[in-house]
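The hints should help you fit chain S onto chain Z, whose structure is shown.
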Amino acid sequence: MSVALAERPIMSPAPALRPVISFHGVTKVYPNGTTALRDVNLAVHQGDFCFLVGASGAGKSTLVRLLIREETASTGRIFIDGHEITRMPHRKLPKLRRKFGIVFQDYKLLNTRTVAQNVAFALQVTRPGQRHLREKVEEVLWIVGLEDKLDKYPDELSGGEQQRVAIARALVHRPRIFLADEPTGNLDPDTSWGIVQLLLQINHRGTTVLMATHNREVVDLVRRRVIAIEDGRVIRDEAQGSYLREGEATI
Amino acid sequence: MRRLGAALWFAVHTAGQNFRRNLGVSLAGVFTMGLILFLVGGALLFTHSVDSVLQAQQAKASRIKIYLSDSASLASIMDFQLRLKNDPRVISVTFENKDQAAREAAQNPDIQAALNALGSNPLPASLNLNVRQLTDLGQFDSMARNTPIVDKTTATDYNPDVIGKLRTVISVISLVGGIIALILLVISLVIIMNTIRTAVYARRTEIEIMKLVGATDWFVRWPFILEGVIGGLLAAVFSGGIVFLGYKLFVQAAQRSLLSVPFDASYSAALLFLLVLGGVAVGAFGSYLGVRRFLSV
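Protein sequences, first through last, are from chains Z and S.
Residue 251, in the numbering used here, is where the first sequence stops; the numbers in between run on with no holes.
Residue 297, in the numbering used here, is where the second sequence stops; the numbers in between run on with no holes.
For reference, chain Z alone in the conformation it holds in the complex (with noise of 0.2 Å):
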């Protein structure tokens, strides 16, 4: 055997039973050698609900950021749809962010464009030249339930409604995954219990979502699986969890 262990590639199971991300012995150093991931393992499925749980520098961001390649693990495997991409070229990344629909906490919606421009823009610099952009556009702020702002600035909304633009444009191209990395953050908790009964019909459709968030009263009303991660660990994993472990006190 001349091939190394470690360099085989990992044999994929059938496509169905197929995670769509994987993280085999993910560890991520940055250059001013804090470790913001240790040795992660976990699988999540096509149509999958995920929180990712955990107090703020536990790791969670990191995840997000090394699933969309922002930035790549110092160890271990990460797969997406069967595609390993801790070590893919630069020029395939375009490929690999269409699979991703991703919303921050802070919205990112460009305040010169309305919400339709906004929307739109998403699909004008993917796919140049998309028939009925229009319609598409109108049908995923339908979704949202913003069909009546089209021609509003974002700085004419509220918070809320805002996120909800920022769902819409990473709706629009149809995702695979969608990731929301604190889209609650910056809202009070009416506006986001609306947000995640959003995200869940979204769910509802298909599309894989993985939340990170640290709103504990979402998480334990919602009851779906939990990845609770500390110091760059994942400590527990729970099918229908909750926000903290059972019989874990609050500080």
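These aren't lab readings, by the way, just hints derived from the structure by calculation.
Model, not experiment: these values are computed from the prediction.
Just so you know, not all the hints are guaranteed correct.
To be verified - Ranges between beta-carbon positions, derived for each pair: (1) Z:Arg91 - S:Glu208: 12 to 20 Å; (2) Z:Gln240 - S:Thr205: 42 to 50 Å; (3) S:Phe31 - Z:Arg91: 36 to 44 Å; (4) S:Gly241 - Z:Thr34: 38 to 46 Å; (5) S:Ala202 - Z:Gly185: 22 to 30 Å; (6) Z:Thr34 - S:Ile179: 44 to 52 Å.
Stated by the list, open to error - From the derived model, a few chain S residues whose C-beta atoms are all more than 12 Å from chain Z: (7) Ala6; (8) Asn18; (9) Ile77; (10) Asn97; (11) Ala102; (12) Ile111; (13) Gln112; (14) Phe140; (15) Thr168; (16) Gly177; (17) Arg197; (18) Glu208; (19) Thr216.
Built from N, CA and C at the ideal position, the CB exists for glycine as well.
Below, chain S without anything else, positioned relative to chain Z:
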């Protein structure tokens, strides 16, 4: 084809939109680049004008008069003239006989008075040479001195000092002009790069979103490069216009003061082309450098 057209339209549309939306920064960039192109164009045109004036002077300076001895026979003079005419270094040779020399000299009233007083014509006949290169004048001078039919007392008349000085002035001016143009171009590239970097920085969210939704690097880059090209083109057209207006006025003013500065249309056209090419290249390359660091994710 449809996708390519749409991508192209997007790039042009975005570039135009960005240019208008950031009109202040865009115009500052155009103004800076225009000013530098104006200085480069002006420096090159000024050097060229001085060069052509000096070239004209040099042409005048590339003449040598070979005085012939009074005893030389017409046949030997004709023979010598033919030999010079066949020399590839010579442009033209004309024979000036004693009468013509006297008439030429008589244009100065003092000499005319002296000639009248003398009663006879002491002025020698001469062969007037126009040579291609100033450097050859010395060789013709020594060749003439070894030719029997040449006047031994005053063999030739030319001005080696003026020629040397002219040549130094020409090369110094060309060198200085070239160095100034080069320095200005380097400065302009740095300024343009920073201007565009400021413009790119103002739109970093847009770039970040484009990268996040999966736009390719070139798709992100093109609008900025086109914007740089638009800026460069505008700067070149404006500075080119001002340079030519200035050049025309300068030539007119020079001609009024009897200094013969020729209006060189073909050089002007070549310079305009160079300014446009330079503006476009500096704009595009500056944008490329400016946007590069924002594409690393």
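Hints, verified against the model:
1. The given range of 12 to 20 Å is respected by arginine 91 of chain Z and glutamate 208 of chain S, whose C-beta atoms sit roughly 19 Å from each other.
2. Our hint of 42 to 50 Å for glutamine 240 of chain Z and threonine 205 of chain S is violated, since their Cβ atoms are close to 38 Å apart.
3. Against the hinted window of 36 to 44 Å, the Cβ-Cβ separation of phenylalanine 31 of chain S and arginine 91 of chain Z comes to about 37 Å, which satisfies the hint.
4. The hint said 38 to 46 Å for the Cβ distance between glycine 241 of chain S and threonine 34 of chain Z, and at roughly 57 Å that hint is violated.
5. For the pair alanine 202 of chain S and glycine 185 of chain Z, the beta carbons lie near 26 Å from each other, so the given range of 22 to 30 Å is met.
6. Evaluation of the 44 to 52 Å hint for threonine 34 of chain Z and isoleucine 179 of chain S yields a pass: the beta carbon distance comes to about 51 Å.
7. Its beta-carbon lying about 3 Å from the closest one in chain Z, alanine 6 of chain S breaks the requirement of being farther than 12 Å from that chain.
8. The Cβ of asparagine 18 of chain S sits about 10 Å from the closest Cβ of chain Z, inside the 12 Å cut-off, so the non-interface label is violated.
9. Distance to chain Z confirms isoleucine 77 of chain S as a non-interface residue, since its nearest Cβ pair spans about 82 Å, more than 12 Å.
10. With a least CB separation of 84 Å from chain Z, asparagine 97 of chain S remains clear of the 12 Å interface cut-off, as annotated.
11. Non-interface status of alanine 102 of chain S relative to chain Z is upheld: no Cβ of that chain comes within 12 Å, the nearest being about 87 Å off.
12. The claim that isoleucine 111 of chain S is not at the interface with chain Z holds, since no C-beta of that chain comes within 12 Å of its own (minimum 84 Å).
13. A cut-off of 12 Å between C-beta atoms confirms that glutamine 112 of chain S is not in contact with chain Z; the least separation is 86 Å.
14. Phenylalanine 140 of chain S, annotated as away from the interface, keeps every beta carbon of chain Z farther than 12 Å; the closest lies near 69 Å.
15. Every CB of chain Z lies more than 12 Å from the CB of threonine 168 of chain S, the least distance being 56 Å, so the non-interface label holds.
16. Listed as outside the interface, glycine 177 of chain S is consistent with that label: its C-beta sits roughly 44 Å from the nearest C-beta of chain Z, beyond the 12 Å cut-off.
17. Listed as outside the interface, arginine 197 of chain S is consistent with that label: its C-beta sits roughly 20 Å from the nearest C-beta of chain Z, beyond the 12 Å cut-off.
18. Listed as a non-interface residue, glutamate 208 of chain S fails to keep its Cβ farther than 12 Å from every Cβ of chain Z; the least gap is roughly 7 Å.
19. Listed as outside the interface, threonine 216 of chain S is inconsistent with that label: its C-beta sits roughly 5 Å from the nearest C-beta of chain Z, within the 12 Å cut-off.
Consistency with the previously given hints fails for numbers 2, 4, 7, 8, 18, 19, ordered from lowest to highest.
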